[in-house]
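> Chain by chain, the residues run as shown.
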Amino acid sequence: MTPDGVATQKINFSILLFVSLLCGLIFDQDDVIAPETERNSEIQSCFPDMCNLLKEFGAMRDKLGVMENKLKDSENQILELKNKDTTKVILTAAVGSKGAMGPFNTDTTLIYRAVKTNIGNTYSPYTGIFTAPVAGVYYFTIFYHAGGSHQAKLYLYKNNEMMVRAQDHWSVFDTADNGGNAVFLQLQQGDQVYVRMAANSHVWGYDYDTTFSGFLVTQM
Amino acid sequence: MTPDGVATQKINFSILLFVSLLCGLIFDQDDVIAPETERNSEIQSCFPDMCNLLKEFGAMRDKLGVMENKLKDSENQILELKNKDTTKVILTAAVGSKGAMGPFNTDTTLIYRAVKTNIGNTYSPYTGIFTAPVAGVYYFTIFYHAGGSHQAKLYLYKNNEMMVRAQDHWSVFDTADNGGNAVFLQLQQGDQVYVRMAANSHVWGYDYDTTFSGFLVTQM
Amino acid sequence: MTPDGVATQKINFSILLFVSLLCGLIFDQDDVIAPETERNSEIQSCFPDMCNLLKEFGAMRDKLGVMENKLKDSENQILELKNKDTTKVILTAAVGSKGAMGPFNTDTTLIYRAVKTNIGNTYSPYTGIFTAPVAGVYYFTIFYHAGGSHQAKLYLYKNNEMMVRAQDHWSVFDTADNGGNAVFLQLQQGDQVYVRMAANSHVWGYDYDTTFSGFLVTQM
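Chains as they are written, first to last, in the working numbering: chain A, 9 to 228; chain B, 9 to 228; chain C, 9 to 228.
Just so you know, these hints were derived from the structure itself, not from any lab.
Since we're looking at a predicted model, the values are computed, not measured.
Nothing false has been slipped in among the hints.
If you anchor each label on the Cβ, the simulated ranges turn out as follows:
(1) B/Asn168 - C/Leu87: 43 to 51 Å
(2) B/Asn168 - A/Leu87: 39 to 47 Å
(3) C/Lys63 - B/Ala143: 50 to 58 Å
(4) A/Glu169 - B/Thr226: 22 to 30 Å
(5) C/Lys96 - A/Arg69: 40 to 48 Å
(6) C/Lys71 - A/Asn60: 15 to 23 Å
(7) C/Lys96 - A/Asp81: 22 to 30 Å
Note that CB positions come from ideal geometry on N, CA and C, so glycine has one too.
Turn these sequences into a full structure, and let the hints guide you.
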C-alpha cells in the first residue's frame, strides 16, 4: 500500500474511531459523561453536547406530542364552555286590549298582545303561545287585574296539562281584584306553554295590568 | 508537495467528502436514508441521525410556533369566559314604614327602605331608585298589601316610561287587598327603574308586605 | 516519528482544530457566522447549522418549559370554569290538599305536597322545608288563593327569621282572595326556608293554587 493509501486508511480509521466514540456516547444508557480519555478531552467540550442533544431531542419531541394533545383537549373544553347556556329566552307581554278581555262563553287562550320583551322570539303575540326552543327548566309567572263584575280565572298550561291557576270570585262588593301565580317547569324542546281564560271569566286588558312572563333558567 | 502536505490535503479532502455526504443527506428531499456505501456503513448509525435531526428540528420549531399561537388564543378565550356574566345584581327591599305609606295628594316615588338583599349595590334605599350598572335584561317584581280604605295603585317605571302596574279599588267591604306584577326589561347601563305610588293611593308599609325585587338575568 | 505517526498526529491535530473551530462557533456570543476561512468554506454549509442548532435547541427547550407551565395553568382555569355554578336548585310545589288547608289553632309549617319541580332535591314535600345545598343567593316566591271565610296569612321564614309575608283579611263580602310575595335571600349552606301559616288562617289547597317556588340565582 502506498503512503497515501495508508494515510487514507488512517483517516477512515480515525473517523471510525471518532464515530464509534460518538455513538458510544449517544447510546450509552447512563447519563454519565463517558470517562475522559486523551482523545475525548479534545472533543468533549463539543460532541458530548451533541450526543446529549440527540437524547434530549427525542425526549422533547415526545413532550411536544403530549402537549399537542393536551392543547387540543383544552381547545375542545373551551368550545364546550362557550356553547354552554348560550340560549337566551326571556319574555314579558301584557294583554294589551283596551279594557276588559272577556267574558266569553267558552275557554279561550289568553293572547298577550303587548310584548315588552321577547328575547329568543319564543313567544307569539298572535297566538299567545310560548314554545320552548331547547330542553331546560323555565320560569313562568302570571298576574292579572280584573273588575269585580265577573270572575277572573286563568290557567297556565304546559301542552295539554294545567300547571298552576290564578282565580278569584266575583263580588258586587269588591270591584276589582288581583291574582297571580308562578311555576318552574322542566320542558322539552317544542313544549308549549300558554294561558287559558275560563269561560265566563274576564281580565283587565291594557298594556300594564295582566301579564305573562317567563325565562329559561337553565338548559338541561 | 511533502508527504505531510499530501496527508493534510488528504484530510481536508476526506473531511470535505464526509461533509458533502452529510450535507447531501440533510438536503436530500426524500426521507429515504441515503444508500449505504462502504463509508456510510461506518457513519450511518450516528450522522444520519444528526441529518434527520436537522430536518426534524426545523419541523419541531415550526410546530412549537403554531402551538404557541394556539395556546395564546386559548388563554384569551379563557379570560373572556371568566369575565362573562360576572356582574351580579340582586335586590329585595320592603317599604319598611310602620303602617300605611300614603295617601299623598301627588304621585310619589315609593321608597323601599328596608333592604333585605342588595348585591351589586344598585338600589338606593334613600331614593327608591334602581340603576342598571350594565346593559342587560333584568327581572323586576312588586307585591303590595294595602288596607281597603284607600286605593292601592303602583306603577313600575323605566326612566320616564311606565312598564307595568299593580292596582286595586278601594272598598268599604274589602278591608285589605293584595296585588303585584312582574316584568323582564332590557336596560342600558344607567337606566333607572323605580315604583311610583299614585296620588291618593296607599300601601301597607312594614318590613314584610310591600316589596320590590329584581335581578340581572343576563348581560347583553 | 514514523510518517504514519506524523500523519496520525496531523489527523488528531486537524480534528482538534476542527472541533475548536466548531466549539468556537457554538460559544461565540455573537450571532455572526464566524469569518470564513479556507477550512470553514468546506464545512460551513453543514456544521454551522449544527452550531446554531445547539444554540436554538437550548432556546426551544426553555420555550417548551414555559409553554408547559402556561398549558397547565390554562387546564386549571378551564376546570374552575367547568365547576363554577354547576349546582342547580329549582323548585315549585303546590299545597295539594283537597280544598282548604286550615284553619288550625296554632301556627303551622305549610307543607306543599304536590311537587311540580324539584331539581337538586333541596325541598322536602314531607316537611315543607327547603335546605340550601350551597351558599348563594336564592329567589323565593309564594302565591296563595284562599276563601273569604277566614283570614289568609303566610310568612316566609329563613331559619328563625321572617323575611316576607302575604296576608289578607277575611271578609263576608269577598269570598275569595289572592296574595303573594317574593324575596331574594342570601343563604349559607344548610340554611332553611319554609312557609308558616298563622293560627286561624287558611289557604286553598289543590294542586294549582297555593304555591311555593324558588331557585338558586348564583353561588357565592
